[in-house]
Amino acid sequence: MSLLELNEVKVHFPVKRGVFFDRTVGHVYAVDGVSLTIEAGQTYGLVGESGCGKTTLGRAVLRLNEITSGEVVFDGTDLAALPDEEMRRSRRRLQMVFQDPLGSLNPRQNIESILAEGMAAHGIGANRTERRAKIVEVLERVGLPADALSRYPHEFSGGQRQRIGIARALVLEPDLIICDEPVSALDVSIQAQVINLLEELQESMGLTYLVIAHDLAVVRHISDVIGVMYLGALVEEAPSDLLYAEPRHPYTRALMSAVPVPDPEVEDNRERILLRGDLPSPANPPTGCRFHTRCPWRQAERCDTERPVLTELADGHRVACHYAAEIADGTIQPVRELAERIIPEGESVAVSEKADTGE
Amino acid sequence: MSTKTDKIDRLAALTAQRETTTGGSLWVEAFRRLRSSKMALIGVAIMALFVVIALIGPWIAPHNPTSQLWRDEVFTNRGEFVGPRGENWLGLDHLGRDQLSRMLVGARQTLLVGVISTVLGFVVGALIGGVSGAALAFGGRAGQRLDTVLMRFIDMMLAMPSLLLAVSIAAVMGQSLTTVMIAVGVVQVPIFARLLRGSMLSQANADYVLAARALGVRRRRVVMGHVLPNSLGPVIVQSTLALATAIIEAAALSYLGLGNPDAAQPEWGVMLAQAERFFDEAPFMAICPALGIIVTALGFTLLGESMREALDPKLRS
Amino acid sequence: MPLLSVDELKVTFQGQGRRASTAVSGVSFDVDEGQVVGLVGESGCGKSVTSLALMGLLPKKGVRVEGRADYRGTDLLSLRPSAMRDLRGTQLAMIFQDPLSSLNPVVPIGVQVTEILSRHRGMRGQAARDEAAALLERVGIPDPTRRLKEYPHQLSGGMRQRALIAMAVACAPRLLIADEPTTALDVTIQAQILELLKELVDQEGTALLMITHDLGVVAGLCDDVNVLYAGKVVESADRRNLFAEPAHPYAHGLLNSIPRLDAPRGQPLNPVRGSINDQIAWADGCAFAPRCDHYTLECLEGAPELGPLAGAGAPAGHQVRCVNPVRERLETVTLADVGAGDDSPAEPVTQKEETSE
Numbered sequence: 001m002s003l004l005e006l007n008e009v010k011v012h013f014p015v016k017r018g019v020f021f022d023r024t025v026g027h028v029y030a031v032d033g034v035s036l037t038i039e040a041g042q043t044y045g046l047v048g049e050s051g052c053g054k055t056t057l058g059r060a061v062l063r064l065n066e067i068t069s070g071e072v073v074f075d076g077t078d079l080a081a082l083p084d085e086e087m088r089r090s091r092r093r094l095q096m097v098f099q100d101p102l103g104s105l106n107p108r109q110n111i112e113s114i115l116a117e118g119m120a121a122h123g124i125g126a127n128r129t130e131r132r133a134k135i136v137e138v139l140e141r142v143g144l145p146a147d148a149l150s151r152y153p154h155e156f157s158g159g160q161r162q163r164i165g166i167a168r169a170l171v172l173e174p175d176l177i178i179c180d181e182p183v184s185a186l187d188v189s190i191q192a193q194v195i196n197l198l199e200e201l202q203e204s205m206g207l208t209y210l211v212i213a214h215d216l217a218v219v220r221h222i223s224d225v226i227g228v229m230y231l232g233a234l235v236e237e238a239p240s241d242l243l244y245a246e247p248r249h250p251y252t253r254a255l256m257s258a259v260p261v262p263d264p265e266v267e268d269n270r271e272r273i274l275l276r277g278d279l280p281s282p283a284n285p286p287t288g289c290r291f292h293t294r295c296p297w298r299q300a301e302r303c304d305t306e307r308p309v310l311t312e313l314a315d316g317h318r319v320a321c322h323y324a325a326e327i328a329d330g331t332i333q334p335v336r337e338l339a340e341r342i343i344p345e346g347e348s349v350a351v352s353e354k355a356d357t358g359e
Numbered sequence: 001m002s003t004k005t006d007k008i009d010r011l012a013a014l015t016a017q018r019e020t021t022t023g024g025s026l027w028v029e030a031f032r033r034l035r036s037s038k039m040a041l042i043g044v045a046i047m048a049l050f051v052v053i054a055l056i057g058p059w060i061a062p063h064n065p066t067s068q069l070w071r072d073e074v075f076t077n078r079g080e081f082v083g084p085r086g087e088n089w090l091g092l093d094h095l096g097r098d099q100l101s102r103m104l105v106g107a108r109q110t111l112l113v114g115v116i117s118t119v120l121g122f123v124v125g126a127l128i129g130g131v132s133g134a135a136l137a138f139g140g141r142a143g144q145r146l147d148t149v150l151m152r153f154i155d156m157m158l159a160m161p162s163l164l165l166a167v168s169i170a171a172v173m174g175q176s177l178t179t180v181m182i183a184v185g186v187v188q189v190p191i192f193a194r195l196l197r198g199s200m201l202s203q204a205n206a207d208y209v210l211a212a213r214a215l216g217v218r219r220r221r222v223v224m225g226h227v228l229p230n231s232l233g234p235v236i237v238q239s240t241l242a243l244a245t246a247i248i249e250a251a252a253l254s255y256l257g258l259g260n261p262d263a264a265q266p267e268w269g270v271m272l273a274q275a276e277r278f279f280d281e282a283p284f285m286a287i288c289p290a291l292g293i294i295v296t297a298l299g300f301t302l303l304g305e306s307m308r309e310a311l312d313p314k315l316r317s
Numbered sequence: 001m002p003l004l005s006v007d008e009l010k011v012t013f014q015g016q017g018r019r020a021s022t023a024v025s026g027v028s029f030d031v032d033e034g035q036v037v038g039l040v041g042e043s044g045c046g047k048s049v050t051s052l053a054l055m056g057l058l059p060k061k062g063v064r065v066e067g068r069a070d071y072r073g074t075d076l077l078s079l080r081p082s083a084m085r086d087l088r089g090t091q092l093a094m095i096f097q098d099p100l101s102s103l104n105p106v107v108p109i110g111v112q113v114t115e116i117l118s119r120h121r122g123m124r125g126q127a128a129r130d131e132a133a134a135l136l137e138r139v140g141i142p143d144p145t146r147r148l149k150e151y152p153h154q155l156s157g158g159m160r161q162r163a164l165i166a167m168a169v170a171c172a173p174r175l176l177i178a179d180e181p182t183t184a185l186d187v188t189i190q191a192q193i194l195e196l197l198k199e200l201v202d203q204e205g206t207a208l209l210m211i212t213h214d215l216g217v218v219a220g221l222c223d224d225v226n227v228l229y230a231g232k233v234v235e236s237a238d239r240r241n242l243f244a245e246p247a248h249p250y251a252h253g254l255l256n257s258i259p260r261l262d263a264p265r266g267q268p269l270n271p272v273r274g275s276i277n278d279q280i281a282w283a284d285g286c287a288f289a290p291r292c293d294h295y296t297l298e299c300l301e302g303a304p305e306l307g308p309l310a311g312a313g314a315p316a317g318h319q320v321r322c323v324n325p326v327r328e329r330l331e332t333v334t335l336a337d338v339g340a341g342d343d344s345p346a347e348p349v350t351q352k353e354e355t356s357e
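Top line first, the protein sequences correspond to chains B, Y and U. Heads up, the first sequence is in the UniProt record's numbering, so the first residue is 1 and it goes up one at a time. Heads up, the second sequence is in the UniProt record's numbering, so the first residue is 1 and it goes up one at a time. Heads up, the third sequence is in the UniProt record's numbering, so the first residue is 1 and it goes up one at a time.
No lab work stands behind these hints, which were simulated from the structure alone. In this text, a Cβ means the ideal position worked out from N, Cα and C, and glycines have one as well. Among these hints, one or two may not hold up.
[As the list claims (entries may be wrong)] Derived CB-CB ranges, DEER-like:
#: 1; chain 1: B; residue 1: 37; chain 2: U; residue 2: 263; range: 21 to 29 Å
#: 2; chain 1: Y; residue 1: 276; chain 2: U; residue 2: 107; range: 44 to 52 Å
#: 3; chain 1: U; residue 1: 204; chain 2: Y; residue 2: 155; range: 55 to 63 Å
#: 4; chain 1: Y; residue 1: 35; chain 2: U; residue 2: 316; range: 52 to 60 Å
#: 5; chain 1: B; residue 1: 331; chain 2: U; residue 2: 265; range: 26 to 34 Å
#: 6; chain 1: Y; residue 1: 280; chain 2: U; residue 2: 61; range: 46 to 54 Å
#: 7; chain 1: Y; residue 1: 205; chain 2: B; residue 2: 93; range: 20 to 28 Å
#: 8; chain 1: U; residue 1: 266; chain 2: B; residue 2: 83; range: 37 to 45 Å
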């Protein structure tokens, strides 16, 4: 049985306006129907650009955001239906690591107090001495000295702070850790240290990760399965290597081709699809396929009226595109107005400025 | 010769030089910064002087502040006011009382009015603001309603001119020192309430609060252990500034004749009020209490401002 | 002669009562006409301070700027503020990381663009408005006449950065300094902006000084690359040479530590150990030594000089500030028996490092 299963999860934030009592005038469709499963011991990577709802989805799993509808089944229990107090207790098994290592640590607490807080909330360790022993053990695991206990967050470097954030999750011995942009706030040379640490911990403690990040290279490095999100929905899901080798959704292709590779040889000989325009607002998402306003392969009628569902193409490879097969075998060619394709020999296709900028 | 240990020792020696001094908690560091700020030192000095005078004033006063010792002198030469002289350093008032003694003894009343009314405003304001902020951030739908009700009430208080509010309270409760304290305190309530609520709301969205919730920390502990302590900084700073305004406002109420009915009891605001009639003939009578109020208010303001700077986390090195 | 020649630029901050701290401690590099030069490094390496110093945008109080920066025969660092203001906007222009805070929020885009046109090119009225619209169109903003009337907050992040680029190129500057221009943007938008910058350089012959922490961006855009560490250039090379054979242990370690999209999965990363806080003063030795796996006693005797990379077949212009560059060491390690030399690395270079590139 899978450890975590999301069924048609929706998180809509009401947009309110009013003089005395607020009236709901609309919704931001931050997460709009996401279904996915994460197996125990696996790392599931969720990628997408800002505003795609990946962070909201991660928080919804922990019910830090209220879930509008859908199920979040964790180890057989639907978290979405749990009463508040039971949800609070089940958070011991689901933990989170945040993007901003300094911001996510209370500046007035020393490290011992930060790490002991969760243990106290869940009744782990009978007294202070027992808790301290556990904390010291975990600190060592994440590569921090034991004398860190009495120090304060601002006395540490960025990488060390993120280690504290990881230790805070680990002391509760969780089954699933949701890592929300765990390295994007860190310096390049520090990112690798934290990624390696996460991988080591997974191996030695049998952890399951849901890694949320915008950096496709990082996600590909640590994930077994990757889900690509666009405007609140999954557009493609596949095992990491397969997704890189054969991206099938037009958005995935564009996203992948936009990631710069630190190698001039590769950079000079890479086909790139430059999308025109910006992300539409999740408060007013396009009809039909959410991506059709920017999709270079868009077809008349069907794409802007019918919303594609995630369908399995091959084993474990799911795509939400009406024309995934046709695009793959080349029957459908990209429309030039919507994207510039830069092909290796520097021969770029001139395009007109007809693009939709979706404001 | 072991090159490897050599290498390590050398490097250790060089890196050790750059080891920074380890800081303490946020409060300890703020205090350290406060100590090195000239502005704060001046503020504290003024405040300390004021408090000392308020405490020992009655004992060091050279004369009885209420008895009209030089009454005849002032009354016989009608309109001839006595300015500073050897016997009375700050001169005499219109009833022939020693100004210096009245200043020294009056400091206590002034301080009492300032402190009690500010504490009153702080406690009630923080209570309303705290409940309101906590309710809105963590109370769900019911909390939102509660917050709306409380805040509209506060808005109504804010909408009324503060002095007018104080005057109405004084009018209802009658003329007494307690009235002045309550009136001035009530005026401060909406300021503290709004400030704490706003500060709590911004802290409630901070990542570490989210992290605490994700840890499974109970709601009450999240509010009391994380949100509240981190929200208090601006409110504490405000309270020193409020103390300054409270003294001025209390003086204004006394000036309007709503203060202590026993007009013989010295209080800086009352003294200023009484001096007004004779301002043309005897400006020094007004200058003494006015200067006292201004300097004291300045002292509190200086301290408040430097505390604001010291507590600002962005300035931490 | 290069367009801009920076020589031993040094920037020291002296706060009241605080210890002086050196942000840039002797940076030298050249930018030729029409060339894209990269300044790469992590936070705190002094790359942004360098750009601000060149533009004369550092506060006067508490900051000491030393060295020379020759731009067509004038020293930018000793220029009077008024002369510098004239130069900025006409000859030099800068693009910042955060487009929202670089634009005035209460003034429409159009007014902000025409302001520059009237100040530096003396254009007025309809002519200025037409030129502004043409500029916006030039940087790929659709429907420019409508956009001119809009306020910065009505534009998306990518559009704002385009507007900022339009303002920067309004007077056809010879040198454009871009400080992390794409860091705040999403990757698909980043690709658009990088393409736009490339186009500007190709078509207008503008020289571009690109300041970034992203080695991927550098690989695709820059001609020459300078790697900064702790306020000094530690390696300087043509982009191909740098990425093919990074010689400084820092550059080498950095390149090996980043996960690559095209790398096969399952290989552990090789992080550079420690953090930027583990640093020694350049006066005492190589600042990178505490994080370096290969430092020797020689590394702790004053700052190493930036010199040409030695060895057979070393490309011209490849300079490195290291007494024991990776390139040479790789040769010795493969030739001699590992462990025979008394100064062999504490932990031998991993197999992957030896075989990579």
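Consistency of the hints with the structure:
| no. | hint | result |
| --- | --- | --- |
| 1 | B:37 <-> U:263: 21 to 29 Å | holds (27 Å) |
| 2 | Y:276 <-> U:107: 44 to 52 Å | holds (49 Å) |
| 3 | U:204 <-> Y:155: 55 to 63 Å | holds (56 Å) |
| 4 | Y:35 <-> U:316: 52 to 60 Å | holds (58 Å) |
| 5 | B:331 <-> U:265: 26 to 34 Å | holds (31 Å) |
| 6 | Y:280 <-> U:61: 46 to 54 Å | holds (48 Å) |
| 7 | Y:205 <-> B:93: 20 to 28 Å | holds (26 Å) |
| 8 | U:266 <-> B:83: 37 to 45 Å | holds (43 Å) |
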